[in-house]
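Novice: Those protein sequences? They're chains A and B, same order as listed. Residue numbering for the first sequence follows the working numbering, beginning at 1 and increasing consecutively. Residue numbering for the second sequence follows the working numbering, beginning at 1 and increasing consecutively.
To be clear, the hints were calculated from the coordinates, so they are not data collected in a lab. Watch out, some of these pointers could steer you wrong.
Chain A is faced by these chain B residues, among others (derived, beta-carbon under 10 Å) [what the hints assert, rightly or not]:
1) Val26
2) Leu33
3) Gly36
4) Leu38
5) Ser54
6) Pro58
7) Phe87
8) Gln90
9) Thr118
10) Ala125
11) Gly150
12) Leu158
13) His164
14) Val168
15) Val191
16) Ser194
Note that CB positions come from ideal geometry on N, CA and C, so glycine has one too.
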Amino acid sequence: MEQRAASAQAPPDHSARATGAVLGIAVIGVVAALLLRAGWQVSWFVLAPAVISGTWVGVASLFSP
Amino acid sequence: MLHTIRWMVEREPEAERHRARAEVLVLFLLGGLAGGALVGSVIALLARMIFYLSGSRPLLFLGAAAVVAAAYAGQAAAFWRVPRPQFHHQVPESWRNIFSRKVASFVYAAGLGTVFFTRLSSRAAYPLAILLLGIGRTPIAIIAIMASVGLVRASTSLVLPLLHLDRVSSDRIVMWIGSKNRIVQRLEMTVLVSVICLSAASILPRILLMG
């Protein structure tokens with residue numbers, strides 16, 4: 001019974017992962033395009049620390065309760 | 001944030017959850033992008049005013065960002081205390097009850113995407129703000145950088161489907177967050193030190209050349 005319940009839940013799990021992966025790839029593409037746009041105007045010595053700190057500011061919010 | 005998304009998906013009937021999850025995540029990402037672009041526009045306006053008043057001085061702001069990063073790195077290492085000015089409120093949780101699922105997802109993430117108008121989860125936000133204020137000559141670049149920050153902040157919601165955290169209890173999510181505490185502190189310090197080093201690597205050769 002439990003096995004049947006587990007197998008019934010399996011397809012949504014995979015599709016959820018696939019959705020996450022597709023959206024993740026889209027995010028990487030958009031972020032890369034935005035940073036290339038910024039990098040076209042701003043020199044690397046300002047852009048590099050801004051990108052590193054900005055990316056971390058975004059990621060760190062995941063770990064704040 | 002993870003609790004909010006999980007809650008919004010879990011309250012849907014089982015058959016609807018897959019579609020609801022995809023909808024919530026897509027609108028969450030769009031909201032983060034919009035919120036980031038919005039706060040980027042506000043910073044760009046301030047930076048543009050500074051640019052008109054004092055001209056382009058990226059090195060000065062780079063130096064200031066390095067000093068602030070050093071101050072907060074010292075705080076992170078428990079050497080001294082530095083005030084952390086910020087808004088103490090997070091995005092109101094009531095929004096998820098007031099608005100429909102789609103609107104709540106977008107508005108909630110847009111609120112989070114405004115970064116500086118919410119509780120700051122990282123000290124690296126302060127040197128970032130200073131760096132951006134120093135590039136008022138290129139306001140579009142400021143908006144692009146902040147839009148990407150907002151999008152990255154919203155995209156952290158993707159750990160829910162990728163790590164199957166949308167199927168666990170709130171307590172498990174809290175435990176999962178707590179288990180990453182040490183690595184988060186190390187990464188925070190690494191980022192602050194990187195800002196100091198990159199800024200110094202840009203400023204010092206110019207100072208030596210002038211001397």
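Novice: Looking back at the hints listed earlier, which ones does the structure fail to meet?
Specialist: Numbers 4, 5, 7, 14 - these are the hints that the structure violates, sorted from lowest upward.
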